[in-house]
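Residue numbers (my numbering), protein chains in the order written: chain A, 23 to 359; chain B, 23 to 359.
Heads up, some of the hints might be wrong.
Note: identical chains are not told apart, hence a pair may lie in one copy or across any two.
[Unchecked claim] Each computed BS3-like pair below joins lysine-lysine, with the alpha-carbon atoms no more than 27 Å apart: (1) Lys96 with Lys260; (2) Lys232 with Lys86; (3) Lys85 with Lys132; (4) Lys260 with Lys86; (5) Lys96 with Lys122; (6) Lys161 with Lys86; (7) Lys99 with Lys86; (8) Lys161 with Lys93.
Derived from the structure by calculation, the hints contain no laboratory data.
2 protein chains.
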Amino acid sequence: MRVVLVGFGNLGRGLSRAFIQKASFLHRSYGLIPRVVAAVDEFGAVVDEKGLDLARLLEAAEKKGTVAAAKGGKRGKLAIKVIEDVEADVVYELTPTNIKTGEPGLTHIKRAMRAGKHVITSNKGPLVVAFRELDSLAKRCGVEFRYSASVGGAVPVIELARKLLAGNEIREIRGVLNGTTNYILTRMTTEGAPFEIVLREAQELGIAEKDPTLDLEGIDTACKLVILADSLLGMNAKLGDVRRTGITRIGPEAIRLAQEAGQTIKLVGIARRGSLEVGPKLVPLGHPLAVGGTLNAVTFELDLAREISIAGFGAGPKETSSSLLGDLIDIHRTLGG
Amino acid sequence: MRVVLVGFGNLGRGLSRAFIQKASFLHRSYGLIPRVVAAVDEFGAVVDEKGLDLARLLEAAEKKGTVAAAKGGKRGKLAIKVIEDVEADVVYELTPTNIKTGEPGLTHIKRAMRAGKHVITSNKGPLVVAFRELDSLAKRCGVEFRYSASVGGAVPVIELARKLLAGNEIREIRGVLNGTTNYILTRMTTEGAPFEIVLREAQELGIAEKDPTLDLEGIDTACKLVILADSLLGMNAKLGDVRRTGITRIGPEAIRLAQEAGQTIKLVGIARRGSLEVGPKLVPLGHPLAVGGTLNAVTFELDLAREISIAGFGAGPKETSSSLLGDLIDIHRTLGG
Numbered sequence: 023m024r025v026v027l028v029g030f031g032n033l034g035r036g037l038s039r040a041f042i043q044k045a046s047f048l049h050r051s052y053g054l055i056p057r058v059v060a061a062v063d064e065f066g067a068v069v070d071e072k073g074l075d076l077a078r079l080l081e082a083a084e085k086k087g088t089v090a091a092a093k094g095g096k097r098g099k100l101a102i103k104v105i106e107d108v109e110a111d112v113v114y115e116l117t118p119t120n121i122k123t124g125e126p127g128l129t130h131i132k133r134a135m136r137a138g139k140h141v142i143t144s145n146k147g148p149l150v151v152a153f154r155e156l157d158s159l160a161k162r163c164g165v166e167f168r169y170s171a172s173v174g175g176a177v178p179v180i181e182l183a184r185k186l187l188a189g190n191e192i193r194e195i196r197g198v199l200n201g202t203t204n205y206i207l208t209r210m211t212t213e214g215a216p217f218e219i220v221l222r223e224a225q226e227l228g229i230a231e232k233d234p235t236l237d238l239e240g241i242d243t244a245c246k247l248v249i250l251a252d253s254l255l256g257m258n259a260k261l262g263d264v265r266r267t268g269i270t271r272i273g274p275e276a277i278r279l280a281q282e283a284g285q286t287i288k289l290v291g292i293a294r295r296g297s298l299e300v301g302p303k304l305v306p307l308g309h310p311l312a313v314g315g316t317l318n319a320v321t322f323e324l325d326l327a328r329e330i331s332i333a334g335f336g337a338g339p340k341e342t343s344s345s346l347l348g349d350l351i352d353i354h355r356t357l358g359g
Numbered sequence: 023m024r025v026v027l028v029g030f031g032n033l034g035r036g037l038s039r040a041f042i043q044k045a046s047f048l049h050r051s052y053g054l055i056p057r058v059v060a061a062v063d064e065f066g067a068v069v070d071e072k073g074l075d076l077a078r079l080l081e082a083a084e085k086k087g088t089v090a091a092a093k094g095g096k097r098g099k100l101a102i103k104v105i106e107d108v109e110a111d112v113v114y115e116l117t118p119t120n121i122k123t124g125e126p127g128l129t130h131i132k133r134a135m136r137a138g139k140h141v142i143t144s145n146k147g148p149l150v151v152a153f154r155e156l157d158s159l160a161k162r163c164g165v166e167f168r169y170s171a172s173v174g175g176a177v178p179v180i181e182l183a184r185k186l187l188a189g190n191e192i193r194e195i196r197g198v199l200n201g202t203t204n205y206i207l208t209r210m211t212t213e214g215a216p217f218e219i220v221l222r223e224a225q226e227l228g229i230a231e232k233d234p235t236l237d238l239e240g241i242d243t244a245c246k247l248v249i250l251a252d253s254l255l256g257m258n259a260k261l262g263d264v265r266r267t268g269i270t271r272i273g274p275e276a277i278r279l280a281q282e283a284g285q286t287i288k289l290v291g292i293a294r295r296g297s298l299e300v301g302p303k304l305v306p307l308g309h310p311l312a313v314g315g316t317l318n319a320v321t322f323e324l325d326l327a328r329e330i331s332i333a334g335f336g337a338g339p340k341e342t343s344s345s346l347l348g349d350l351i352d353i354h355r356t357l358g359g
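Produce the complete structure using the sequences and hints provided.
Encoded structure:
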């Protein structure tokens with residue numbers, strides 16, 4: 023399968039490493055041979071219809087900060103041109119998230135679909151801004167559209183609901199969808215430390231960003247909740263539809279009281295038809311949402327199975343490549359490969 | 023799809039109720055119309071090629087203890103005859119588990135496959151005794167073979183690994199696979215009560231059986247571990263290959279020490295290539311295996327995603343019908359329905 027990578031930051035590089043590491047496994051297990059025919063980033067592009075040498079591409083990009091530095095690479099704003107002109111089966115849209123405009127991912131995805139290419143993305147921005155539009159466009163263009171990595175990183179939340187809980191109706195979705203806030207709340211619980219100290223520690227470890235607003239105020243969680251609501255509950259929700267409270271006012275006192283009651287405090291996104299909410303919630307110890315550290319977890323409330331929960335790592339380039347690769351295998355299988 | 027139900031105990035009845043409840047949902051969502059053309063139990067059978075009236079069948083069977091009591095029903099040992107002679111697409115094998123001989127399920131499954139019928143089962147017995155034989159037989163006969171409900175009840179453990187973690191290699195499987203022992207250990211932890219008291223309580227609630235040996239000694243967990251190892255790790259394991267310790271010697275002291283260390287004691291089955299083990303293990307609070315009550319949970323250790331865990335209810339007729347129905351939908355989709 024001929025693949026174009028748009029965006030070559032952590033995720034694009036992680037996926038490339040997975041392609042190298044997994045080449046013989048993919049061929050042996052699924053008869054799948056991913057051939058990366060182009061890679062683009064904001065500074066340039068490199069194209070080789072016979073398939074790029076990924077090890078060399080990684081080396082060049084890591085040394086010089088752009089794929090344009092690879093042999094045969096060109097500098098310039100080339101994303102649209104590559105997406106439209108290079109012959110390929112699948113476009114990976116892996117550029118940074120902008121939750122206000124969805125750009126540049128939104129345009130990349132639309133252009134790819136209109137050019138008849140299947141799209142796999144990890145980018146929350148386009149989905150939050152225009153889920154329904156993209157979903158219909160994919161259908162109209164007759165292409166596959168996958169976005170497993172946009173929610174839960176490595177955790178196949180959306181595919182679980184679509185493929186494995188098929189006999190059930192989903193009544194509610196509850197999720198611990200942000201690793202940074204989960205790390206902070208977990209450390210506050212295990213260490214009894216105050217919020218500011220733990221936040222600083224998380225920033226030093228690279229778990230929290232310098233400006234941690236998107237995480238701490240529950241905006242990242244709200245984005246993922248919108249994607250779950252739109253893709254699994256048939257809603258047409260936008261970020262503004264989510265009632266939202268962050269974790270910045272959670273003190274050691276609240277944590278201690280929860281502990282005494284056999285509970286733990288988590289930042290939980292809750293979606294049911296007609297209602298979207300993000301806020302700190304008590305979760306009983308022993309409940310599958312009560313996962314610690316940077317883990318993500320999602321619980322589906324269902325009419326037959328009652329509750330099914332899934333948990334795993336919601337971030338990290340290697341972990342996320344599990345979902346990005348899974349989507350490619352799924353498209354390969356869907357097309358009868 | 024024409025369906026034969028072999029076994030009409032709790033699971034057969036739960037599945038029938040799900041067929042009734044979900045009829046319009048299945049038709050609308052998947053174009054799937056399950057038509058139960060026969061039901062058999064140890065006392066007799068009832069056949070109607072136009073499709074049985076499930077509400078009446080349930081009523082008759084619940085009143086008189088056998089499907090033979092339904093209108094048109096016949097008494098006698100009729101399972102094999104029905105499996106072989108009634109025209110049908112899928113045979114559900116839902117008879118009680120015998121982990122020594124696998125019978126009568128083993129014979130039922132083989133006969134159904136040889137008669138060209140797809141098979142869905144919840145029955146651990148045949149799988150533990152003859153996984154590889156049944157797996158090859160299904161392939162030779164060109165039929166689908168599904169057994170989601172045999173491990174984890176409602177929790178789609180096997181399908182998760184096969185379908186959603188496809189890019190990963192599984193390095194290890196760890197599972198809390200028995201709801202009874204999990205309930206007992208959880209109550210011992212939350213109440214500080216001794217084993218015998220909690221066991222009696224569980225027996226009164228119907229969570230533990232009168233003879234709880236299979237659960238307490240880890241035999242049920244070992245059976246499920248064998249099925250996971252054979253189906254997901256390509257092993258050809260038997261029950262005797264599992265090193266096994268039960269939970270009967272866990273005292274309040276051990277529970278208390280674990281708690282002090284931020285851990286909890288669970289009966290865990292651990293499978294990796296060449297090694298199968300069941301025994302009480304410490305699990306850190308906050309780990310996805312540290313689920314309470316009667317929940318089951320399984321953690322896959324993977325090369326890309328690191329760890330993915332899934333949890334839910336491992337028993338109960340309604341819950342299990344989620345898996346039994348999911349298998350039917352999956353066969354329907356696989357056959358291009």
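message: Which constraints among the numbered hints does this structure fail? Numbers only, ascending.
response: The structure breaks hints 1, 3, 4, 5, 6, 8; every other hint is satisfied.
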